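Undergrad: Now for the letters of each chain:
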Amino acid sequence: MIPLSWFLILSAALFSIGLFGVLSRKNAVAILLGIELMLNAVNINLVSFWRYGDVSQMAGQVFAIIVFAVAASEVAVGLALVISVYRRRNTVIADEIDLMKW
Amino acid sequence: MTAMQIFFLIVGLVILGSALMVVTTRNLIHAALWLIVTLFGVAVLFAILDASFLAVVQVVVYIGAIAILFIFAVMLTHKEMRDRGPQLNNSWWLNAIISLLTFGGLFWMLQSWNGFSKTAADFPSSFDAVGQLGKALISPDAFVLPFEVASVLLLAALVGAVYIAFNRK
Amino acid sequence: MTTETLIWLIPLPPILAFFLIVLFTNRNKALSHSVAIGAALLSWLGAMIVFVRAIGTPDLGKTPFASFANWIPTADTWLKIGVQIDPLGAVVLFFVAWTVLMIFIYSVGYHNYGQPAGDHDQPGLQPHGATDEHGHQVPSIEPMYSRFFAFISLFAFGMFTLVVSDNLLTLFAGWEIMGLCSYLLIGFWYAKESARNAAVKAFMTTRVGDVFMLLGIAFLYSATGSLSYRDIFQSQVLHTLATVSTPIFGLSAAGLIGLLLFIGTIGKSAQFPLHVWLPDAMEGPTPVSAMIHAATMVSAGVYMVIRMFPLISLDPKTMTVIAFIGTFTAIFSATIAVAQNDIKRVLAYSTISQLGFMIAALGVGAYVAAAFHLVTHAFFKALLFLGSGSVIHGMEHGVLHTGDHKVDPQNMFNMGGLRKLMPVTFWTFLIGGFALSGFPLLTAGFWSKDEIFSGAFSNGSFVVFVTLAVAAFLTAFYTMRQITLTFLGVPRTEEAKHAHETPWTMTLPLVVLAIFAIGYGWVGIPQDFLGLHLNPSWFHEFVGSTLAVMPAESPFSWIVFGTSLVVALGGLFFGWLAYRNVTAPEQDKLQIPLLKNKYYIDELYSFVLIKPAYWFAETFVYQWLDKGLIDGTLHLFGKAANSIGLVVRNYFDLPVINRFFGDGTAHATQWFGRNLRPIQSGRIQQYMLVSLIVLLAIAGLLYYLLVIV
Numbered sequence: 001m002i003p004l005s006w007f008l009i010l011s012a013a014l015f016s017i018g019l020f021g022v023l024s025r026k027n028a029v030a031i032l033l034g035i036e037l038m039l040n041a042v043n044i045n046l047v048s049f050w051r052y053g054d055v056s057q058m059a060g061q062v063f064a065i066i067v068f069a070v071a072a073s074e075v076a077v078g079l080a081l082v083i084s085v086y087r088r089r090n091t092v093i094a095d096e097i098d099l100m101k102w
Numbered sequence: 001m002t003a004m005q006i007f008f009l010i011v012g013l014v015i016l017g018s019a020l021m022v023v024t025t026r027n028l029i030h031a032a033l034w035l036i037v038t039l040f041g042v043a044v045l046f047a048i049l050d051a052s053f054l055a056v057v058q059v060v061v062y063i064g065a066i067a068i069l070f071i072f073a074v075m076l077t078h079k080e081m082r083d084r085g086p087q088l089n090n091s092w093w094l095n096a097i098i099s100l101l102t103f104g105g106l107f108w109m110l111q112s113w114n115g116f117s118k119t120a121a122d123f124p125s126s127f128d129a130v131g132q133l134g135k136a137l138i139s140p141d142a143f144v145l146p147f148e149v150a151s152v153l154l155l156a157a158l159v160g161a162v163y164i165a166f167n168r169k
Numbered sequence: 001m002t003t004e005t006l007i008w009l010i011p012l013p014p015i016l017a018f019f020l021i022v023l024f025t026n027r028n029k030a031l032s033h034s035v036a037i038g039a040a041l042l043s044w045l046g047a048m049i050v051f052v053r054a055i056g057t058p059d060l061g062k063t064p065f066a067s068f069a070n071w072i073p074t075a076d077t078w079l080k081i082g083v084q085i086d087p088l089g090a091v092v093l094f095f096v097a098w099t100v101l102m103i104f105i106y107s108v109g110y111h112n113y114g115q116p117a118g119d120h121d122q123p124g125l126q127p128h129g130a131t132d133e134h135g136h137q138v139p140s141i142e143p144m145y146s147r148f149f150a151f152i153s154l155f156a157f158g159m160f161t162l163v164v165s166d167n168l169l170t171l172f173a174g175w176e177i178m179g180l181c182s183y184l185l186i187g188f189w190y191a192k193e194s195a196r197n198a199a200v201k202a203f204m205t206t207r208v209g210d211v212f213m214l215l216g217i218a219f220l221y222s223a224t225g226s227l228s229y230r231d232i233f234q235s236q237v238l239h240t241l242a243t244v245s246t247p248i249f250g251l252s253a254a255g256l257i258g259l260l261l262f263i264g265t266i267g268k269s270a271q272f273p274l275h276v277w278l279p280d281a282m283e284g285p286t287p288v289s290a291m292i293h294a295a296t297m298v299s300a301g302v303y304m305v306i307r308m309f310p311l312i313s314l315d316p317k318t319m320t321v322i323a324f325i326g327t328f329t330a331i332f333s334a335t336i337a338v339a340q341n342d343i344k345r346v347l348a349y350s351t352i353s354q355l356g357f358m359i360a361a362l363g364v365g366a367y368v369a370a371a372f373h374l375v376t377h378a379f380f381k382a383l384l385f386l387g388s389g390s391v392i393h394g395m396e397h398g399v400l401h402t403g404d405h406k407v408d409p410q411n412m413f414n415m416g417g418l419r420k421l422m423p424v425t426f427w428t429f430l431i432g433g434f435a436l437s438g439f440p441l442l443t444a445g446f447w448s449k450d451e452i453f454s455g456a457f458s459n460g461s462f463v464v465f466v467t468l469a470v471a472a473f474l475t476a477f478y479t480m481r482q483i484t485l486t487f488l489g490v491p492r493t494e495e496a497k498h499a500h501e502t503p504w505t506m507t508l509p510l511v512v513l514a515i516f517a518i519g520y521g522w523v524g525i526p527q528d529f530l531g532l533h534l535n536p537s538w539f540h541e542f543v544g545s546t547l548a549v550m551p552a553e554s555p556f557s558w559i560v561f562g563t564s565l566v567v568a569l570g571g572l573f574f575g576w577l578a579y580r581n582v583t584a585p586e587q588d589k590l591q592i593p594l595l596k597n598k599y600y601i602d603e604l605y606s607f608v609l610i611k612p613a614y615w616f617a618e619t620f621v622y623q624w625l626d627k628g629l630i631d632g633t634l635h636l637f638g639k640a641a642n643s644i645g646l647v648v649r650n651y652f653d654l655p656v657i658n659r660f661f662g663d664g665t666a667h668a669t670q671w672f673g674r675n676l677r678p679i680q681s682g683r684i685q686q687y688m689l690v691s692l693i694v695l696l697a698i699a700g701l702l703y704y705l706l707v708i709v
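Residue numbers (our numbering), protein chains in the order written: chain V, 1 to 102; chain W, 1 to 169; chain E, 1 to 709.
None of these hints come from the bench; they were simulated from the model. Quantities reported herein were computed from a predicted structural model and do not represent experimental measurements. Treat the hints with care, as some may be off.
[Claimed, not checked] Facing chain E, according to a computed beta carbon distance under 8 Å, are these residues of chain V, among others:
hint, residue
1, V22
2, V67
3, A94
4, D95
5, D98
6, L99
7, M100
8, K101
[Unchecked claim] Far from chain E, some chain W residues (derived; all Cβ distances over 12 Å):
hint, residue
9, V59
10, S139
11, V162
Yeah, the Cβ is synthetic: ideal placement off N, Cα and C, and Gly gets one too.
Same shape as in the complex, but just chain V (with noise of 0.2 Å):
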């Protein structure tokens, strides 16, 4: 029915795009979003193929559940991060937040 293809190439383009909301966006907050679709994509890679593998192996799903805790965290994390940067600085454009350069 549905080929894995179809989904790799699904995760594919949702990681790209995850990766341009990286590399774009100018808040900080919406970098943490495009950050989220990545792990997104990865996710369903994951599923993907434990689906389309050895469905016995439970491996890509417990691995899918770490990803989620992974993800959570390091959006607590990040989003905290950035509220005690706004805190400091009063702003949230990452290109202003350049302290650690040259």
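Fit chains W and E to the supplied structure of chain V, relying on the hints for placement.
TA: Just chains W and E now, with coordinates in the frame of chain V:
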């Protein structure tokens, strides 16, 4: 083209379309909301893939927690909610090219793999996917360790996030 | 101890004394003179023993005391050196040993041993007197006392080496050592400019002669392959040398060698034209004048000609040259001597003249006469010089007494009447003067001069005879002039009035030498003197046996005898007559400028030889060649190196190394840094973009390398 395939295409379009909206909308609240749509589409995709547990977890965790968290963050950085000028930075065209190249590269690499076009096998009867998942998650010779470590990771993230964002007034 | 060993040992004590004094006893004056006199005494003793054995040995001429050793290996044979005492060597050794010893003893007193050190005396200047405890000025001891004894010991070594050697090489070595000591001793008071100049003049002038002598020795060696007398004087060798002819003046090899060797004698024995150094050499202390320039060193020149007589006499042309030079010198310097006012100058020119006599005798073939006059002249000339030194000392007493240092103690016109004040000096000087003049029968000079006249007369060289007779007359004349002005009459100056006799260390040698001046003549009384049939002259028999063929005694001639009497007595009488009332130079009719200024020979040499040499050295070689050419070339090198350096610096070092490499790398690094720095913009999106671009690039590269290639 079977019904599943059409359904899949619709879901795919929804996902990709809303993802594009996420990355291009000026208004951040809108972007967060578009993200919710995308995540919902992904949940449907999980369901198509017979990963029912994951579909539910996706909705509960991603949409119910993470997206909400995003909205909270956007509100807390309220002043900048209203966009001044374009939302994309100066090199957005280069980024677009890079993204396209990345997509092209991924596609081409996958395409040369000979398992690219295989179809799904049927579920074996009386295959309890969720039960097997549960067993896998807590079985010592399966994935209990990553599971526990993931919970530690969440704890650490929790403590860290609280500490970082703590308002010491 | 065998005689040969003893002969080897004779030159040894003086050279040891030299080293001991120089290295160890320099500070201690008494020890120094003791070492020196001890050494002279030892050599004297050795010489006397050898002499006694020599005269007791029959046929010494055929079988002399000889001992030699191989020294330098040359191809298939050895150059041998060694010692030899034949009759000639024995008599020369005799007078050398005696005069050396007497002069050493004399020097102790001459340099005022026992006197206090001077008030203002400095090494290098003559002593000027000290103040004793009574406030009187007394003579002061010579500051460089030990140095003097060291030098005369070295000199004695040189002379003894020359006398005992059996080959021309060691003879030449002794010759040169004496030349060195002559330089050192004439310039003894080196702070005085005139002394320094005189020393250099002496050395240079004798050097001119020595160069030719060395040529002669070299020629002899290359012609015969040996320098030893026994090898050269073999009749075969002599014959070969006499017959081989050379392209120079048509002389035979023997003649050329003889002429070259004789030129050495012209230098060393102060014959014309190389006589100019000897009067100036009077700058040295009087013992030096006595030893070097009367008794020994200048005699060495004559001794060498006598020794080489078998070789030199082979060519008549050489003999003529020798006779001419000897005769000319004799008359030439006698004429100069009559116009000299310095007591030592008179004696200097007298020496030159008497050496001329000896040379002339050799030139006419009077071998034994020349040797005889050599010996007697050594004794009475040494006596005269030592006596003049005594006179000068006495005059210096007077100068110190009056304190007037402008008065020259050596000027005869400042003297007078010294016979009463310095009796021993007077009588010994008188004996010496009479010996020099040839006072008949009593003095040695008469016998030896008579022999020369006989030789010249019987040889048919009338020109030589007459000229020598005139010279002998002048000799007697100026000698009497000297004695009259110095000793007779009344003292003419305050200084002369206060002169007094010198100590025994100075008068004892005078007495000893006076004894020889009288007695030595009697060993050479000719066999048929005055027509009597006496024993053959011991001296003639003994010394004559040195030659392969014993020369015949000249037959007695009344003409010769009469001439001797006339010139000697006449000269003495006229000298006394002319000068007994002269008290000032203005009254002296013979103060002719030409004679007084030595015929202006020194000025001529200065103009013709010295000034061009100076010009050559100073201007040509130094300014033009050395500074201009050589230094100029070096400066050019320097400038070239400098320019190359500048070019390298400005065209390579600065632009390439400094700017391009040095500054360039700095700029490049800075440029890279400046341009790479913006990569670290702090903007995370930029970082991600860059990493993605690189990732894609590497992916592409890997694809290219792994898939396509």
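Undergrad: Could you tell me which of the hints above the structure violates, numbers in ascending order?
TA: Of the numbered hints given earlier, the structure breaks just one, which is hint 2.
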